[in-house]
Amino acid sequence: MLGNAPSFTMLSELLQGTDVGGFLLIQDSCSYSGRHLLKSFIDAALNREEVVHVLGLDVSEEELKEGLKSFVFQRLHFHDAYADPLGWTDNSPFTVHQFSSSRLTELLKQTAPSKPATLVIDSLSWVLRHISPTAVCHTLQQLKKGGAVRTIIGLLHEDMHSRGIVGSVCRLATSVITVEPGTKGEEALAKITKRSKSGKVTQDEQIFSIRKDLTVTVLSKPTNPGHKRSTTEEQVDPTANLTFNLRLTDAEREAKEKLALPFVFSKEKKTALLHSGPGSGKILYEPDASDDYDQEDPDDDLDV
Amino acid sequence: MFTELNSILNTSPESFTPGEFILLSDRQSDASFLIHHFLSFYLKARCKVCFVALVQSFSHYHAVSQRLGVSLTQAKEKGQLIFLEGLKESLSVFLPQEENAGHQAMSFLRDPAAGLRSLYEFVQSSVVESSGGGGASAEQWGPPVLLMDDVSVLLSLGVRVGAVLDFSHYCRTTVCSQLQGNVVMLVRCDGEAEEDDADDEGSEQLMRGLTHQSCLTLHVQGLPTGYCRDIHGQVEFCWKKRQSDGQHAPKKVFQFKVHDKGVSFFARGTSRAVL
Chain G
1 MLGNAPSFTM LSELLQGTDV GGFLLIQDSC SYSGRHLLKS FIDAALNREE VVHVLGLDVS
61 EEELKEGLKS FVFQRLHFHD AYADPLGWTD NSPFTVHQFS SSRLTELLKQ TAPSKPATLV
121 IDSLSWVLRH ISPTAVCHTL QQLKKGGAVR TIIGLLHEDM HSRGIVGSVC RLATSVITVE
181 PGTKGEEALA KITKRSKSGK VTQDEQIFSI RKDLTVTVLS KPTNPGHKRS TTEEQVDPTA
241 NLTFNLRLTD AEREAKEKLA LPFVFSKEKK TALLHSGPGS GKILYEPDAS DDYDQEDPDD
301 DLDV
Chain P
1 MFTELNSILN TSPESFTPGE FILLSDRQSD ASFLIHHFLS FYLKARCKVC FVALVQSFSH
61 YHAVSQRLGV SLTQAKEKGQ LIFLEGLKES LSVFLPQEEN AGHQAMSFLR DPAAGLRSLY
121 EFVQSSVVES SGGGGASAEQ WGPPVLLMDD VSVLLSLGVR VGAVLDFSHY CRTTVCSQLQ
181 GNVVMLVRCD GEAEEDDADD EGSEQLMRGL THQSCLTLHV QGLPTGYCRD IHGQVEFCWK
241 KRQSDGQHAP KKVFQFKVHD KGVSFFARGT SRAVL
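Going down the list, the sequences are from chains G and P. When we follow full-length UniProt numbering, the leftmost residue of the first sequence carries the number 1, and every step to the right adds one. When we follow full-length UniProt numbering, the leftmost residue of the second sequence carries the number 1, and every step to the right adds one.
Simulated from the structure, these hints should not be mistaken for laboratory data. Incorrect hints may have been included.
As the list claims (entries may be wrong) - Under the rule of at most 30 Å between Cα atoms (straight-line distance), these lysine-lysine pairs were calculated in the DSSO-like manner:
no. : chain 1 : residue 1 : chain 2 : residue 2
1   : P       : Lys252    : G       : Lys184
2   : P       : Lys251    : G       : Lys191
3   : P       : Lys252    : P       : Lys240
4   : P       : Lys240    : G       : Lys184
5   : P       : Lys240    : G       : Lys212
6   : G       : Lys212    : P       : Lys44
7   : P       : Lys257    : G       : Lys184
8   : P       : Lys240    : G       : Lys191
9   : P       : Lys241    : G       : Lys191
10  : P       : Lys241    : G       : Lys212
11  : G       : Lys197    : G       : Lys184
12  : G       : Lys145    : G       : Lys184
13  : P       : Lys257    : G       : Lys65
14  : G       : Lys69     : P       : Lys240
15  : P       : Lys44     : P       : Lys76
16  : G       : Lys184    : P       : Lys241
17  : G       : Lys200    : G       : Lys144
18  : P       : Lys76     : G       : Lys65
19  : G       : Lys144    : G       : Lys197
20  : P       : Lys251    : G       : Lys65
21  : G       : Lys212    : P       : Lys251
Unchecked claim - Facing chain P, from chain G, some residues (calculated, C-beta under 7 Å):
no. : residue
22  : Ser33
23  : Ser60
24  : Lys69
25  : Ala83
26  : Trp88
27  : Asn91
28  : Met160
29  : Phe265
30  : Glu268
Keep in mind the model is a prediction, meaning the values are calculated, not measured. Just so it is clear, CB atoms sit at the ideal spot from N, CA and C, and this is done for glycine as well.
Chain G with its partners taken away, still in its complex shape (with noise of 0.2 Å):
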């Protein structure tokens, strides 16, 4: 955690867009469609009578619409590039090789002539397919310092582009929230980092649900233990529940260090065999004088 935890949620505080002239990214993978926080976004920018513009690629303009209330479409524009990106069949009005910075101006200020919009990309991945990755991040960038959009707000499927690309479409976004699936039913993790204008990066973890009428709900913060336990349970201790113990405390370790081994040859105990107390049998002996006892052989009397 970089910087002080926040007071309010960052995640609700990105959905009221504070920040203007930003760009915000939302990743996410196969486990956890992004769309749905994406939809959240859209609602709350429509909510806060902006004008909003939708490049849709990868969703069609029905899918897109669903569960947003009707009497907010006067100000979502959505601009069809889902139909024939390619231009296959020959009646497309956006095809994927006209995304540039002027194409998009210009699309903007078809409708919107007055005040600066938000611009919805959904999804990046369907550009990136078809764009080289610098020619899109120049893109961006150009949108972003244009003026004629407000905010910037990009779908990305991170899994389905290398890790270099990836981070290079971050490094533009001043917020990347990343989703992911919670542990249970309706639940998601979002990860967020935020960049300030000064240069502050602020992290944060959340557990959120997005309810039927796309209002985002934040359960909990990180610090909540309910979320630590999901985190432990990734990597589990296999010394937690043991019948033993394994470590021992400092007395114990004094009385360990005391006991002497059983058959280890120690000072005391090689002089208290030698010089066994009085009371204990001794053998003593003494040679007769017809005790040929040579020292040199003492095997001699032996008939081999």
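Dock chain P against the given chain G, drawing on the hints supplied.
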């Protein structure tokens, strides 16, 4: 058609959700029984079916469908089924002595880098014909359905992952969005799930891309504990959208056993052999 599967998916030939992209995938297992299910399902539902078969011959599918109570030859004669036999067509691309009807569906074989526009145009012409031109003699068929078995073969034929995804995108826009029909595609992954992203161009990436496009995925896997005579594997059902009753059921896992004429599904650990 397997009735047990219908009840899991909450559909029947009389009422099914139109405009769906269904992805079937398998890993170290065989999901082709699902293709046979959907083929007989949509034929029974009186849909106009376009079947792009890249891995087996017509007679194979015909034999299996007959066991499931559907005749493909009859459906073909009635004009309900349009069958692209990839194995035959690809030969005629290289040996063009046969004066065929002349559709260029498989012409991508000559230049795989150019993309699958020709195959898409075949699909489009066969599904659009059905909904647009209702001839005097022709019966009226329901919404069009595109079935593909299986798309990962295209990778082996030299087509890039991106090109296959473009193709599937166009199939989705035409069949699902414009004509309110359904698309069912099968994709195979042979690798391990934990494999690194090192090989960017591969069936893994194709499966991920198609999963992003789909609204329902059926993923067939072998049992993690290995082969078993009484349980052939498990299917993971993943719904992307909320169900019509507002309930959000993202994932269900069932184990299955393929029989001679059907498949039985059961919750994990409740196989008859175990209990």
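- Task: List, from low to high, the hint numbers that the structure doesn't satisfy.
- Result: 6, 11, 12, 13, 18, 24, 27, 29, 30
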